[in-house]
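Going line by line, the protein sequences match chains P and R. Sequential numbering from 1 applies to the first sequence in our numbering. Sequential numbering from 1001 applies to the second sequence in our numbering.
Keep in mind the hints are simulated off the structure, nothing from the lab. No experiment lies behind these values; they were computed from the predicted model shown. Take these hints with a grain of salt, some might be off.
SDA-like cross-link-like pairs, simulated, lysine to any residue; straight-line CA separation at most 25 Å [unchecked claim]:
id: 1; chain 1: P; residue 1: Lys200; chain 2: R; residue 2: Phe1273
id: 2; chain 1: P; residue 1: Lys196; chain 2: P; residue 2: Asn185
id: 3; chain 1: R; residue 1: Lys1234; chain 2: R; residue 2: Phe1154
id: 4; chain 1: P; residue 1: Lys203; chain 2: R; residue 2: Pro1089
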Amino acid sequence: MTDIKRKININFITIPIFILLILMGFFLPEGVKSLVIHIMVLSIFAMAYDICLGFTNQCSLGHSIFFGVGAYGVALSIIHFQTGLLSSFFICIILGIILGLIAGIICVKLSEAYFVIVTAVFYAIFHLSAMNMTWLTGGDDGLAIHLPKISLRFVEISLYDKIINYYFVLLVLIVSYFILNRFVNSPLGKVFVAIKENEKRVKFLGYNVFLYKLIAFVISGTFAALSGGLYAITLRYASADFFSFHWSILPVVWCLIGGIGTLFGPWIGVAIMYIFQYYISSIWHYYLIIFGIIILLILRISKKGIFGYIIGRLQT
Amino acid sequence: MDGFFLFLNGLIWGLIIALIALGLTLIFGVMGIVNMAHGDFYMIGAVISYYIVSYLNNFWLSLIIVPLLAILLAAPLERFVLRPYEGFPSSSMIATVGISFIIQQLALAVYGGIPKKIVNPFPLDISMFGIYYPGYRMLVALISIVTLLFLWLFLYKTSFGILIRASMQDREMANAMGINVNRVLISTFAIGVVLATIGGVLAAPITQVFYLMGNDIVLLSFIVVVIGGLGSLKGTFITALALCAIEGVMASFLSPTQARVLTFLLMIVILMFKPSGIFKD
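Extracted from the complex, chain P is given alone in its bound form (with noise of 0.2 Å):
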């Protein structure tokens, strides 16, 4: 019955967003607008790491390898190969799949805080050998991409374009969320609820949860990995700080304050976060002291975040 309720609400409430996210484009100034894009490709992050998290319950503290995996993974077959934009990205999807598939056989079998910290790391094994192979990944200073053009059939489109980096990564964005919510409601998608509930339980039921937490862990991996090369097209650089705590610690702060478990949840915590960096940052250089105050803040009045506060408060 509550899942019912939520999904309606969920689709209610997206669809007009990216409606709305449509038409904005137009209309839009330039800063803004790159601010819009910075919250969209993050948003894809964050979705990505709700599956793990709101779903089955994993709370990986490594995501940044995927999403650093991503961003190095479009650059560098760019720089090396001279691939397409398209092309590239399937690389850096198919790199996530491949670096899901190996965290996933070693990590997903832990229970609870012994998979927290092998995430972790797998992270600080990253993060290290990036900085430390300059030669590879640039090291701190990071590598410059010059991004190829895109050729459709009768138009060459570049997406140094403001518009359309903003509009192509809207469609990624409206892709992957339909991608992950056919996820999320398909029997599979029930599986990973139930998992969450009660992991014992399922077990007795006879599902082989490893397979069902090492599917949703791939899933996330990979939308992470797609969402670090957009990150890096958009910024046109990738940098070992991809991989760093940062990058790891983030995707679980946004979805907790906007609300695990509910795949839109996490875009209000990202659209919170860096609303607030763009407008108080120019203010006030120590913006992330507010920021702190507020996750206390929403964390104290409701431990399912603000999207789950707002739905617990419709279904009651």
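Got chain P sorted already, so can you dock chain R onto it with the hints?
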């Protein structure tokens, strides 16, 4: 002899890490809080000792002043901020991330973003087995061992320590037995924070004092806590020493980064075969 030198260095880092990680274990075990801000308490210790050195010109005073300040900071923080998140690992994790943001940015605002060094307060080399070893590091080892001894005496020999360990084993039962949980919670958190800040003070002259210096430490001490078997004090201590010593030995023939990466890989292998830590009792 170079290898021996690095091995000793590793062991002494291990003692500092053991201090920090034991605080983390206590806080997690008693309160159910995954304290992501633990590294920042370590940083606070180092930063305050920097100020004490530059204003009062005496490093050793900071070993007295910093723990007192830490108690003043930790007690209200636990009572008024962290209390609602206790027992919810993921919420508490994010709440402490929020606290960590606040502490780091305050440090950035007050102390500045440039790494600074504290002058070595004990510039004397001790000759031993044919190598000259910095005397300050020896003192660090001594002070941490004394602190750990006091901690052990407190936890295992005093009645209040027994209350803390009882709450660690089974909080509900401890509650039902009429233990004053409020006092136990506040003092546990304070002890954890004091241990982290002492670690910071001791480490300050060895490393650079920097407002993000806690970020590396928090991960390392989490790893130590988990590999040692969650909630096992003995395991945490032994793992901290062993890991840092191994890293020190590896650093003698590899670059420091490679040594750390290899240590981490080793941990993953250990956890793959012993998925609940080494010293789980």
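Status of the hints after comparison with the structure:
The hinted pair formed by Lys200 of chain P and Phe1273 of chain R meets the criterion: a straight-line CA distance of about 22 Å does not exceed 25 Å. Among the hinted pairs, Lys196 of chain P with Asn185 of chain P is consistent with the structure: their alpha-carbon atoms are about 15 Å apart, no more than 25 Å. Only pairs whose Cα atoms come within 25 Å are accepted, and Lys1234 of chain R paired with Phe1154 of chain R is accepted, the gap being roughly 15 Å. The hinted pair formed by Lys203 of chain P and Pro1089 of chain R meets the criterion: a straight-line CA distance of about 23 Å does not exceed 25 Å.
Violated hints for the displayed structure: none, as all numbered hints are satisfied.
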